[in-house]
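**Q** Since each chain comes alone in its own frame, lean on the hints to assemble the complex.
Here the protein sequences come in this chain order: H and Y. Under the numbering used here, the first residue of the first sequence carries the number 556, and numbering increases by one thereafter. Under the numbering used here, the first residue of the second sequence carries the number 73, and numbering increases by one thereafter.
Honestly, the hints are just simulated from the structure, not real lab data. Please note that the accuracy of each hint is not assured.
[Claimed, not checked] Computed list of lysine to any residue pairs in SDA-like fashion (alpha-carbon distance at most 25 Å, straight line):
(1) H:Lys664 to Y:Phe104
(2) H:Lys687 to Y:Phe202
(3) H:Lys568 to Y:Gly80
(4) H:Lys710 to Y:Gly196
(5) Y:Lys109 to H:Arg659
(6) H:Lys688 to Y:Asp190
(7) H:Lys568 to Y:Glu74
(8) Y:Lys109 to H:Ala689
(9) H:Lys710 to Y:Asp190
(10) H:Lys670 to Y:Asn102
(11) H:Lys781 to H:Gly582
(12) H:Lys664 to Y:Asn102
(13) H:Lys590 to Y:Phe284
(14) H:Lys590 to Y:Ser186
(15) H:Lys573 to Y:Asp190
(16) Y:Lys109 to H:Glu652
(17) Y:Lys171 to H:Ser647
(18) H:Lys670 to Y:Thr98
(19) Y:Lys109 to H:Ile648
(20) H:Lys568 to Y:Phe284
(21) H:Lys710 to Y:Ser186
(22) H:Lys568 to Y:Gly289
(23) H:Lys568 to Y:Met73
(24) H:Lys568 to Y:Ala75
(25) H:Lys573 to Y:Phe284
(26) Y:Lys109 to H:Ser647
(27) Y:Lys171 to Y:Tyr304
[Unchecked claim] Just a few of them, taken from the derived set where beta-carbon distance is under 10 Å, the chain H residues facing chain Y:
(28) Asn603
(29) Tyr625
(30) Leu628
(31) Leu630
(32) Arg632
(33) Arg634
(34) Gly636
(35) Phe639
(36) Gly641
(37) Ala643
(38) Phe645
(39) Phe656
(40) Pro657
Note that CB positions come from ideal geometry on N, CA and C, so glycine has one too.
If you want the building blocks of each chain, they are given just below.
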Amino acid sequence: MIEINNLTKSFGKNLIWKDVSFQIEDGETLAVIGKSGCGKSVLLKHLNALLYPDSGEVVIDGQCVFDLNYSELRLMRQRFGILFQGGALFDSINTFENIAFPLRYFTNKTEGEIKKDVEEALEMVNLKEAGKKATSELSGGMRKRVGLARAIILKPDYLLYDEPTSGLDPQTSEEINELIVNMADSFDLTSIVITHDMHSVLSIAEKVAFLDSQKLSWFGSIDEMKKSEHPPLVEFTTASEYKIKA
Amino acid sequence: MEALRQLGQYTLLLYQALRSVTEFSTYRENLFNEFVKIGYQSIPIIMLVGVFTGAVLTLQTAYQLDTDLYPAYIVGSIVAQSVIIELAAVISGLVLAGKVGARISTELGTMRVSEQIDALESMGFNSVAFLVLPRIFAGILMFPVLYIIASTLGIIGGVIAGAVDGILPAAEFMKGGRLFFFPEDVVFGILKSFVFGFVITSISCFKGYFAFGGAEGVGNATTQATVLSCIYILLADFVLAAILL
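Only chain Y is shown next, with the shape it has when bound in the complex (with noise of 0.2 Å):
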């Protein structure tokens, strides 16, 4: 009944968001901002997060296909195609799901226990396009750029721990990586990404918008925020491979 309960709320809070779209000058100002805090402000994780994914894959793969029935130039193959349909977008998401997801929720789960909330609404202000609105459109136009940035960092992570570490040569990493390159793998982590950064920009807001119960509300808000965030994620990671690939 209380999951019921809570999916009509997040509902009608998304259809109320839908609804202040027009109201692009209440949000203008706080969408620049979360442009920066959510994608600028991210890069640097997510470059960490891209190299070392790629780095690892290469390592493990090799590791796992240390035999002489396949060429060494697979390895590229494999961690490349991995790299750009799965890891960068998911592991991306779940990260962004901890910083992005969690500084979403303590704003907005602070602001609505200090009464800021019901200032912004006492003052005659929309405050889920002022608040909520920009909040999930910098995560859907972003999460995006990350996935690409984090994509590309995990190629290159992959070809130079294979390199370093003597596996194969970074031209037959690139070799692999080209033979098993399809465009629509692109397409289809970018649209992964797209839906990751609006699954956790509005279960964040969803879970800080309502939070209640001073500190302790923000803190559990902040957790359910995180947590849901990161399970929705690998359900819609699982439901838009079973229905694209």
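So here's chain H without its partners, still in its complex pose (with noise of 0.2 Å):
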């Protein structure tokens, strides 16, 4: 479980936002939705404390990850995958050696077993015949597939999307989706993907956190989102082509 404690960040005077707290549930899919630049990736980066906050908590399995020492916290990191943005994906090396990477680095499988996880982890992602490419050479799509097969190899308990259907085709997001579900699925995963974009909240996610205003403005599950007459809330989902209420 992770529980997330008065947290509140700034960078320099600008604050992002205060006193935020709520709890994810082993197993749960949270979308995080709110407008551009209110915080959301802030947010995610704190979860495995790529960033820290000026005050506030964020607590796994009872423990906080900004009290770890930088050895504890890798350990501690590794129980995370996440799909950045952009995909991050390094762009010395092609799409297979991208997915291997983290084997390489921290198992001690052969070189059998790599080749063996790493298609595995395209055929999951729908790429299979992509290993050989160059980074270079992948669309915005298949970059985010890339992504989320790197992000799965080392089999994570939570898996962080930062804004996974972002610039994507509708036909392309929708294949994310479909992934995001499978994963948490397959996997058993603790999914939390930031989004503004409304049709993947409604597919993939169990529970939303709405930030606005420099704060957490709305909590609650996909249920009730829908029943929601918080007014920030109410506003940002139906300004969505898919008006939820309707």
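**A** Encoded structure:
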């Protein structure tokens, strides 16, 4: 379980959000929504201490991640997989090596076992033939899939997605949404998805956290969101082409 | 205040790099890659710099000493010693600040703004051991090698220029060179290049590692890395000369 308690973050004098608190149960998929620039990605990077808050804590299985020393933190981070917004693939190596990268450094697997694992991961994200491609040859959707394959290769407990469907056409977005649901089901993952794509939210999430006006404005299940009359949330969700109230 | 903050950040980065020295398996592969990129791939430009520095210095020294008051071979003494003590190290350092420093800061800066460094850290990787440490190590170890190449070719360039221009025969040049050759001057030059290697690679790693703000941010980081490297090379050169000569 991930508990976020009274998290406050600012960059210089610019307050991002204050006193953000919520919980994510094991196996749940949470969507964090909000306008562009409201600090969704910043919140995501606090979960595995890529960023540190001004105050507050992120507790994972009873341990605050900000209290860990660097060695403990590195072990804890291996429990997370992250799909970054642009894929964050290493452009000096090809697709296969990108996915194999964590296996080579964190496991004692043989070359044959690594090849098998990478091929399985590529098959899972429907990119069976892309292993030999340079990352520069991949489209936006393919980069996200390869990023996803790399994120799951060490079988993490938590999978974080930063804008997984942004910049993609509707069909590819739908495929990514399906992958997110499949990943959560196949590996019994706890997933946190940062997005402002309401169609994605409705397709993949069980719970929703809405960031607005530098705070956690609303938190609840998908059903509760559909019934909610919280004005900022209603304004945000109905601005989408998917008018969820309709 | 900002300068102090950056100094603190730079010191912490170096401290983290130092603490990661034992993680050899993390940076072994990158270390050998950097030996090639910083050392081997810089040899052509360093050869060019060395030859022309020695050649031009010979012509200019001969022009300035165009009098019967000094024997001709004194040109060889001045050129050889200037190249060994100062020019091979400093001019190579300034050229490598552009070639090596700019590459390092651009590479790391691009990795930072495209979240590749975040991706490394999020996997549980020590990104400083993986990216920063091998570059600094390779700089420290390769710059002295490049200095030796530059100073050797600087003297050869001087010999050739002197002979071709008819200023003094090669034998006279070498006689002058040997007359004031002190092995400790070579040690001093190697020490300088060692320091310059550290200055260039550490500053460039620092600027690239903490780059922000997209393509413009990477451009700014690269410019700052190159300019600061040049400034600190000149400062370090002065301090070392004041202390050791």
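**Q** Next, verify each hint and record whether it holds.
**A** Hint check:
{"no.": "1", "hint": "H:Lys664 to Y:Phe104", "result": "holds, 23 Å"}
{"no.": "2", "hint": "H:Lys687 to Y:Phe202", "result": "holds, 24 Å"}
{"no.": "3", "hint": "H:Lys568 to Y:Gly80", "result": "holds, 20 Å"}
{"no.": "4", "hint": "H:Lys710 to Y:Gly196", "result": "holds, 14 Å"}
{"no.": "5", "hint": "Y:Lys109 to H:Arg659", "result": "holds, 23 Å"}
{"no.": "6", "hint": "H:Lys688 to Y:Asp190", "result": "holds, 23 Å"}
{"no.": "7", "hint": "H:Lys568 to Y:Glu74", "result": "holds, 15 Å"}
{"no.": "8", "hint": "Y:Lys109 to H:Ala689", "result": "holds, 21 Å"}
{"no.": "9", "hint": "H:Lys710 to Y:Asp190", "result": "holds, 19 Å"}
{"no.": "10", "hint": "H:Lys670 to Y:Asn102", "result": "holds, 22 Å"}
{"no.": "11", "hint": "H:Lys781 to H:Gly582", "result": "holds, 22 Å"}
{"no.": "12", "hint": "H:Lys664 to Y:Asn102", "result": "holds, 21 Å"}
{"no.": "13", "hint": "H:Lys590 to Y:Phe284", "result": "holds, 22 Å"}
{"no.": "14", "hint": "H:Lys590 to Y:Ser186", "result": "holds, 22 Å"}
{"no.": "15", "hint": "H:Lys573 to Y:Asp190", "result": "holds, 24 Å"}
{"no.": "16", "hint": "Y:Lys109 to H:Glu652", "result": "holds, 21 Å"}
{"no.": "17", "hint": "Y:Lys171 to H:Ser647", "result": "holds, 19 Å"}
{"no.": "18", "hint": "H:Lys670 to Y:Thr98", "result": "holds, 21 Å"}
{"no.": "19", "hint": "Y:Lys109 to H:Ile648", "result": "holds, 16 Å"}
{"no.": "20", "hint": "H:Lys568 to Y:Phe284", "result": "holds, 18 Å"}
{"no.": "21", "hint": "H:Lys710 to Y:Ser186", "result": "holds, 24 Å"}
{"no.": "22", "hint": "H:Lys568 to Y:Gly289", "result": "holds, 21 Å"}
{"no.": "23", "hint": "H:Lys568 to Y:Met73", "result": "holds, 16 Å"}
{"no.": "24", "hint": "H:Lys568 to Y:Ala75", "result": "holds, 19 Å"}
{"no.": "25", "hint": "H:Lys573 to Y:Phe284", "result": "holds, 24 Å"}
{"no.": "26", "hint": "Y:Lys109 to H:Ser647", "result": "holds, 14 Å"}
{"no.": "27", "hint": "Y:Lys171 to Y:Tyr304", "result": "holds, 16 Å"}
{"no.": "28", "hint": "Asn603", "result": "holds, 6 Å"}
{"no.": "29", "hint": "Tyr625", "result": "holds, 8 Å"}
{"no.": "30", "hint": "Leu628", "result": "holds, 8 Å"}
{"no.": "31", "hint": "Leu630", "result": "holds, 7 Å"}
{"no.": "32", "hint": "Arg632", "result": "holds, 4 Å"}
{"no.": "33", "hint": "Arg634", "result": "holds, 9 Å"}
{"no.": "34", "hint": "Gly636", "result": "holds, 8 Å"}
{"no.": "35", "hint": "Phe639", "result": "holds, 5 Å"}
{"no.": "36", "hint": "Gly641", "result": "holds, 6 Å"}
{"no.": "37", "hint": "Ala643", "result": "holds, 4 Å"}
{"no.": "38", "hint": "Phe645", "result": "holds, 6 Å"}
{"no.": "39", "hint": "Phe656", "result": "holds, 8 Å"}
{"no.": "40", "hint": "Pro657", "result": "holds, 5 Å"}
In summary, this structure violates none of the numbered hints.
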